[in-house]
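Number of protein chains: 2
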Amino acid sequence: MSTHPMWLPDEVFRPLGSRRVLVAVGPDDGPVAQTVVDEVAAATERFGGSLTTTTESDPVTAEVAASQDVILAIVPGVAVAGSAATRMVPRPGTAERHDPYLPAIAAVLGERFTLLRWATIGSDSFTTLRVGRTTLVMADGAAGLLYGMHALVRRGDSAFADTEGETWWDGPVHPIRMLDHWDNTVVHPVMGQVERGYAGGSIFWSEGRVRDDLSRVAQYARLLGSVGINAVGLNNVNVHAAEARLLTDHVGDVARLAEVFRPHGIRVYLSVSFAAPITVGGLDSADPLDRAVQDWWTSAVARVYEAIPDFGGLVVKADSEGQPGPFAYGRDHADGANLLARALAPFGGTVFWRAFVYDHHQDWRDRSTDRARAAYDHFTPLDGRFDDNVVLQVKYGPMDFQAREPVSPVIAAMPQTRLAVELQVTQEYTGQQQHAVYLGPQWDEILRFPLAEDGRTVAYLAAGLSQHHGQRPPTAGLVAVSNVGDDEFWTGHPLAQANLYAFARLAWGEEDPIAVLDEWIGLTLGDDPAVRAAVHEVLDGSWRTYEKYTAPLGVGFMVRPGHHYGPDVDGYEYTAWGTYHFADRDGIGVDRTRATGTGFTGQYAAPWRDVYESVETCPDELLLFFHHVPYTHVLHSGSTVIQHLYDTHADGYDEVVRMASTCAAVQGKVPDAFFDRVTQRLAEQERSAREWRDQLRSAFFRRSGIPDATGRRIY
Amino acid sequence: MSTHPMWLPDEVFRPLGSRRVLVAVGPDDGPVAQTVVDEVAAATERFGGSLTTTTESDPVTAEVAASQDVILAIVPGVAVAGSAATRMVPRPGTAERHDPYLPAIAAVLGERFTLLRWATIGSDSFTTLRVGRTTLVMADGAAGLLYGMHALVRRGDSAFADTEGETWWDGPVHPIRMLDHWDNTVVHPVMGQVERGYAGGSIFWSEGRVRDDLSRVAQYARLLGSVGINAVGLNNVNVHAAEARLLTDHVGDVARLAEVFRPHGIRVYLSVSFAAPITVGGLDSADPLDRAVQDWWTSAVARVYEAIPDFGGLVVKADSEGQPGPFAYGRDHADGANLLARALAPFGGTVFWRAFVYDHHQDWRDRSTDRARAAYDHFTPLDGRFDDNVVLQVKYGPMDFQAREPVSPVIAAMPQTRLAVELQVTQEYTGQQQHAVYLGPQWDEILRFPLAEDGRTVAYLAAGLSQHHGQRPPTAGLVAVSNVGDDEFWTGHPLAQANLYAFARLAWGEEDPIAVLDEWIGLTLGDDPAVRAAVHEVLDGSWRTYEKYTAPLGVGFMVRPGHHYGPDVDGYEYTAWGTYHFADRDGIGVDRTRATGTGFTGQYAAPWRDVYESVETCPDELLLFFHHVPYTHVLHSGSTVIQHLYDTHADGYDEVVRMASTCAAVQGKVPDAFFDRVTQRLAEQERSAREWRDQLRSAFFRRSGIPDATGRRIY
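Residue numbers (our numbering), protein chains in the order written: chain A, 1 to 715; chain B, 716 to 1430.
Please note: incorrect hints may appear among the correct ones.
[What the hints assert, rightly or not] One-sided and incomplete, this derived list gives chain B residues near chain A with beta-carbon spacing under 7 Å:
{"id": "1", "residue": "Arg1080"}
{"id": "2", "residue": "Arg1300"}
{"id": "3", "residue": "Arg1417"}
{"id": "4", "residue": "Arg1418"}
{"id": "5", "residue": "Gly1420"}
Honestly, the hints are just simulated from the structure, not real lab data. Quick reminder that beta carbons are idealized off the backbone N, C-alpha and C, glycines included.
Sequences and hints are given; from them, build the entire structure.
See below:
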């Protein structure tokens, strides 16, 4: 079975590959620099350009450099200034190996540009400028050069247009840009091989061990590297017995994967069980304050670093949904996280400690307990107690990856703690890659949300752009759960590739999700304007369409328990999961106010603690998350809650029907296999959206007894 | 792990085993007669009695016979008359081999009894009489002798009491008494090894093949034989790929099981896929009118009979819940059933063709389609078209083994067709062997129900006690889905053994389910009156208790979809399964009347077609099965529907609490392992019943807005 190339079909390399390219990297720049050389070699061979390299013994001459269309060079601590005096601070021990070719590059730059070097620029960033007919990409390090090369690829011919003097600097906003894979090494009897995976089996694992053939992983690593992902978690955060051994006797399997990811600037991470000292270590305790437990982790981690010197670190889901954790020993999560952090610290490793901790044996009869409160209540008292190499990984919302929920207050509430915000690329609650739902706009809303009292946004807080916490290292960035599997199209629904792409680009720092989508369309499907328009028509508003025909006004869930697909109004209503809507014959919603409800609104800083508290100021789309209101309550939109429900469900379905006809019109303009898969998925989306529409309209008509004012049929 | 002896602990053989016993069987009476000899040998050896046998060359003398406490004899065509002239018709070729010992037995009988032989008595029946101090059991054939011996065992010492002249005839009411096992040979990823099994894995199969060690099967066969079961289906009616091979290359596995069941008078049956000619036969069709298909079945069945000369026949679920069937070829179910019947006929085999055919892709929006109608609509037009060796197997109710539903009208509607009524011993919808639910009273109600216009009951119709259909062979009897697995107690919940026992005894013809339960208690748990009283207190009313705290007034379902355990009021409400209750803010129930509903009431003969049609005459317990009524509708009981729901759910839970405390009081009086398992299950029943209570009370309060008049708390 051939594998779809996603956003890197050969054709996108034509503009670069048809030109004369100098790749100027020093000796020992490592495997990522070699990847740049290899990419340019392959592209120029395919499209008739040329590759020139430069070595210490035979450095490139200024003449040769000047004859290039493109120069890709590592210039440590580089910056380019058009004028003015900027202090140049060579970084000790790094510049020398590149000096042989720097004069040639300086000659190309000529008089109007000054090549500067300084010490603080990130190794992931790069500078591009046009001098005469030459396009120069200069990066501080190999990863930056790789990203700079792919930036050229994405820009296509326009990167080489005659715009003399144009310069641009680019670097990632988020230091860590991570994809977690919820892959089991063996097929789990209930969850399958990839938990919440909707695109086939794992590309990493087969029958408990790493796959023999890792060519697919290599393709994946290349794709991720091209868009700046720099970390991957290799296994499910729910760690079962087989996966626990990856930390110990199967660490060689992890090393093989690390080797495949390394040339693309990506470090690998393992999810571990907090109980590993017992389950694989043979100890009788996993108490974080127990010296034997500490020693066990120290030596287990040391052995991992023997096998993988650039191992990224550990991901932990502890005391959550049945996973073991420090609570069993009367310890808190700072004790737990620091236990692992101290084992990792000598090697520069990091522990990602998930904040998804709540009581999943809640009694539905108890209306005072509120799952939304749990992460804040558990973690904010620990602020300041985590070691520097602990990252607290916080889901974007207080519940669980719903299509609509407020931003988690935890993100603004722990200034002394490194934080990563967790998104979900895999569409667990957003259509499971059967529904075309482009999540870029949702993530954009989340990232732009001014959560902190001083207006700092979620993106700002996650990236650690201001170091309000003094001496702490920068915070972490964004993490997301991947949506790939061994499916031909990687993501089941071919259009779901756009979500993977968008996550990486937004994590990099791109701010316009529709522009990102546009970029993805061009790379993946080429330049046909009809195709471009159709995909935009289908995807631009697809998240809001999905929101329309599913759970209304932020109330969440209403999905089938277990697999979470399709409607079930009361499916979670009387369960132990803490996910309720309390719909009765009169009204619906969860009272989370301080005045009369669970008090969750009090976890927010101003102004949100007051905005959400009042039914007058609470935004419509979150009304039922924060308030229990009558069906006849009038929204800011002017509609009542019940009529809003009737309307959005009818309209949402109609929009899906239009999406399907929009797609049908581009038959023949995209590859048949791609078209066929999308068409098949749209048919399912239409069926499913119709179920959502009719079940919710019927269920709430049966409860409320209020007819649809528009007279549309209710079954 | 030791296996619980169920109702045959060694101790129950003491009364028989401590006596002098003559087993008088002829040569060639076969393996079942040998089982009688072996049982008596083991019992007398254990308890100090003696076994005497008689052979052709050395026949027992009248003197020896007269000195016995017990005589167990095969006397073909036997009957005993105290006086009067009854014609004796020796059956050709059968009497001779028993004649050597008949004079001795006649001598024991003496003058006051006349030993008669006739031809029509069933080989499964037996006659018992007391002459002096001797208890004689005489049977027409080996199976009858086995049953007669076990009847003595069940009666215990009282069977040997000095009641000179007492005679009793006993024989089964139902010619076929069958247990179907929904066992997969391999573990199904969703359904497990035993579909709807709640007692561990299959006792027959392991990893696709018959188990090596069949000692457990032998125990099971002995237990079933002791209570008159004479047929077992060995595999799941949903036939997957691995199981399809039992008919072909794995038939040797079936033969091994047949060998184990044979000595206990039990024939084995296989469930087959209608598509077998394609899936295992390599044909491109399974069309019943296709000659190649007919030939395939003919030779497949012939090969089975080569391996198993007394093979019972086939069980088929066709065109049902995704199973293939004749509809695919535009044929009807008579065509389908007769196809298999004709392959079986030359060998005396029977096909059990299940009538559980309905549209499981129903659109919930369509209120005119009624799953309850399906079996009648599909099958009654075919009455008279089935071959003599086809048995139509009809579930007792029109839906699916609910704790409460009306009796299926099909049972009285096909006079020209052999019928078997199917019950469910495995507690799919009745607590899954976590809840103590003694089903005897439910089955008794079903069997006694006067379904036919002339008052004939379901039991009467199933047994074929009157041959209204002229030249047809007798109808079939009762079939049930077994509840056993490889669990230590066979049935998960030890008290669920009583259901297995009761099914067999009611199929035999016993009419008082509480007396049957009493018998089971004595055999299984001994004679402690406190234990006896406690088990009665727990089980006698347990079915009605279960009914109270689950779906009310015959409305059915309200279980969690898929696994069917625990409450979910709307779980099936918007599905494709045809199982709805239409509860809204005003009322609940399904209108199945002719006047305004689906017309299902019209499938019943008088008087039921009218009794059910009218809300005035419809019994309370089936009200919501037949009518959609307001919550305020007043029942015959005087309560309203909603108050009934509130009350029964509160009361039902309270009854479970009392059951648990009743059980707790017998600690130490029953074996610890038995007690512990029951206690553990009762805790789960209490938890589950509380969920049922609170969820239903809350859900219907939320819908109706009507408070519980008793003021009990609604969450």
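Status of each hint after checking the structure:
1. With a least beta-carbon distance of about 4 Å to chain A, the hint placing B/Arg1080 at the interface is held under the 7 Å criterion.
2. A cut of 7 Å between beta carbons decides the hint on B/Arg1300: the least distance to chain A is about 4 Å, and the hint holds.
3. Given the 7 Å rule on beta carbons, the hint for B/Arg1417 holds: about 4 Å separates it from the nearest Cβ of chain A.
4. At a threshold of 7 Å, the smallest CB-CB gap from B/Arg1418 to chain A is about 6 Å, leaving the interface hint in force.
5. Of the supplied interface hints, the one on B/Gly1420 holds, with its beta-carbon coming within about 5 Å of a beta-carbon of chain A, less than 7 Å.
Of the hints listed earlier, there is not a single one the structure fails to meet.
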